[in-house]
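Number of protein chains: 2
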Amino acid sequence: MSVADELLKSNEDFARNFSLGELSVRPKRHVAVLACMDSRILFEHCLGLHPGDAHMIRNAGGIATTDAIRSLIVSHHLLDTEEFIIINHTDCGLLKVREDELKSRLTEKMGTPADEPRHFYAFDDLEANVRQQMQRVKSHPWIPKHIPVRGFVYDVRTGKLKEVEGS
Amino acid sequence: MSVADELLKSNEDFARNFSLGELSVRPKRHVAVLACMDSRILFEHCLGLHPGDAHMIRNAGGIATTDAIRSLIVSHHLLDTEEFIIINHTDCGLLKVREDELKSRLTEKMGTPADEPRHFYAFDDLEANVRQQMQRVKSHPWIPKHIPVRGFVYDVRTGKLKEVEGS
Numbered sequence: 007m008s009v010a011d012e013l014l015k016s017n018e019d020f021a022r023n024f025s026l027g028e029l030s031v032r033p034k035r036h037v038a039v040l041a042c043m044d045s046r047i048l049f050e051h052c053l054g055l056h057p058g059d060a061h062m063i064r065n066a067g068g069i070a071t072t073d074a075i076r077s078l079i080v081s082h083h084l085l086d087t088e089e090f091i092i093i094n095h096t097d098c099g100l101l102k103v104r105e106d107e108l109k110s111r112l113t114e115k116m117g118t119p120a121d122e123p124r125h126f127y128a129f130d131d132l133e134a135n136v137r138q139q140m141q142r143v144k145s146h147p148w149i150p151k152h153i154p155v156r157g158f159v160y161d162v163r164t165g166k167l168k169e170v171e172g173s
Numbered sequence: 007m008s009v010a011d012e013l014l015k016s017n018e019d020f021a022r023n024f025s026l027g028e029l030s031v032r033p034k035r036h037v038a039v040l041a042c043m044d045s046r047i048l049f050e051h052c053l054g055l056h057p058g059d060a061h062m063i064r065n066a067g068g069i070a071t072t073d074a075i076r077s078l079i080v081s082h083h084l085l086d087t088e089e090f091i092i093i094n095h096t097d098c099g100l101l102k103v104r105e106d107e108l109k110s111r112l113t114e115k116m117g118t119p120a121d122e123p124r125h126f127y128a129f130d131d132l133e134a135n136v137r138q139q140m141q142r143v144k145s146h147p148w149i150p151k152h153i154p155v156r157g158f159v160y161d162v163r164t165g166k167l168k169e170v171e172g173s
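First to last, the protein sequences are chains C and Y. 7 is the number of the first residue of the first sequence in my numbering; add one for each residue after it. 7 is the number of the first residue of the second sequence in my numbering; add one for each residue after it.
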């Protein structure tokens with residue numbers, strides 16, 4: 007049985023006991039979280055969020071890519087969020103790799119170069135990386151200046167968030 | 007008190023009772039999920055996933071953008087996932103909007119045009135949209151052909167996943 011089939015079976019149990027009722031498409035707590043895709047972090051648990059509370063945007067690293075910014079624009083302008091939170095974490099896969107090495111390894115392994123993605127956003131300084139993502143979000147012309155953008159580092163060994171002061 | 011401060015307070019409780027121990031950076035169930043950022047969907051609940059099980063990649067719509075594909079490449083090539091799952095859902099914010107209207111609305115409201123994002127990926131046919139994302143992932147030169155890429159629609163009123171047959 008593939009993992010997808012196992013997850014489908016779990017979903018049958020979930021749907022049988024489904025009791026969320028009618029929740030709005032607009033997040034109740036008016037907040038969007040941009041974070042890493044890391045499997046160890048269930049941000050709903052770590053942050054005390056419930057279904058309907060917050061948008062969860064996740065990618066490799068928790069990077070404010072053009073796509074993450076697209077999601078934040080949709081989140082605020084269409085769905086009324088008014089605060090953004092960015093979370094990177096210790097022991098991230100992108101802390102263990104170098105951009106150029108990764109690209110040559112992929113080209114060699116797959117036998118084909120690829121134009122996109124142009125960047126993997128590997129990094130080596132966690133707090134500086136968080137600050138860079140905050141800056142990218144804040145400086146986008148379609149992100150209103152009144153929206154607070156706060157940044158954090160999550161420690162996977164302790165479950166604790168530490169705030170990173172903005173630049 | 008801002009929502010970010012409330013979430014930080016919740017995180018203090020979470021960290022006080024933290025008991026996940028040492029989990030690997032490599033997802034235990036070797037699966038990556040690409041899904042929408044929608045606040046109503048806690049995919050860990052819906053799919054029976056536990057901390058450490060799966061990568062969670064999320065953006066507005068659950069779209070296989072270049073950035074989502076970047077995350078899937080990192081997921082497979084660096085962190086050993088071997089199955090990908092794509093989930094879109096009913097009542098999605100991007101089903102309620104038109105691409106060109108959204109762009110003119112943003113330029114007018116913010117008083118500044120922006121080069122990026124070039125697309126918002128609004129859509130009007132849910133199943134066709136899922137199929138398109140599956141196709142984008144499968145056709146990328148750095149996604150190995152042996153990786154199963156399965157697509158689903160999640161119904162926010164029932165909690166049920168329905169599989170979309172691939173193209």
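The set of hints was computed from the structure by calculation and includes no laboratory data. It is possible that some hints are incorrect.
Repeated chains share a single entry, so a pair holds when one copy, or any two copies, can fit it.
Keeping only pairs whose Cα atoms sit at most 27 Å apart, straight-line, the calculated DSS-like set for lysine-lysine is [said to hold, decoys possible]: (1) Lys109 x Lys15; (2) Lys109 x Lys151; (3) Lys144 x Lys34; (4) Lys15 x Lys144; (5) Lys109 x Lys168; (6) Lys102 x Lys15; (7) Lys166 x Lys115; (8) Lys15 x Lys151; (9) Lys115 x Lys168; (10) Lys109 x Lys144; (11) Lys34 x Lys166; (12) Lys15 x Lys115.
Here the structure is a predicted model, which is why all the values come from computation and not from measurement.
Q) Of the numbered hints stated previously, which ones are contradicted by the structure, given in increasing order? A) 1, 5, 6, 7, 9 and 12
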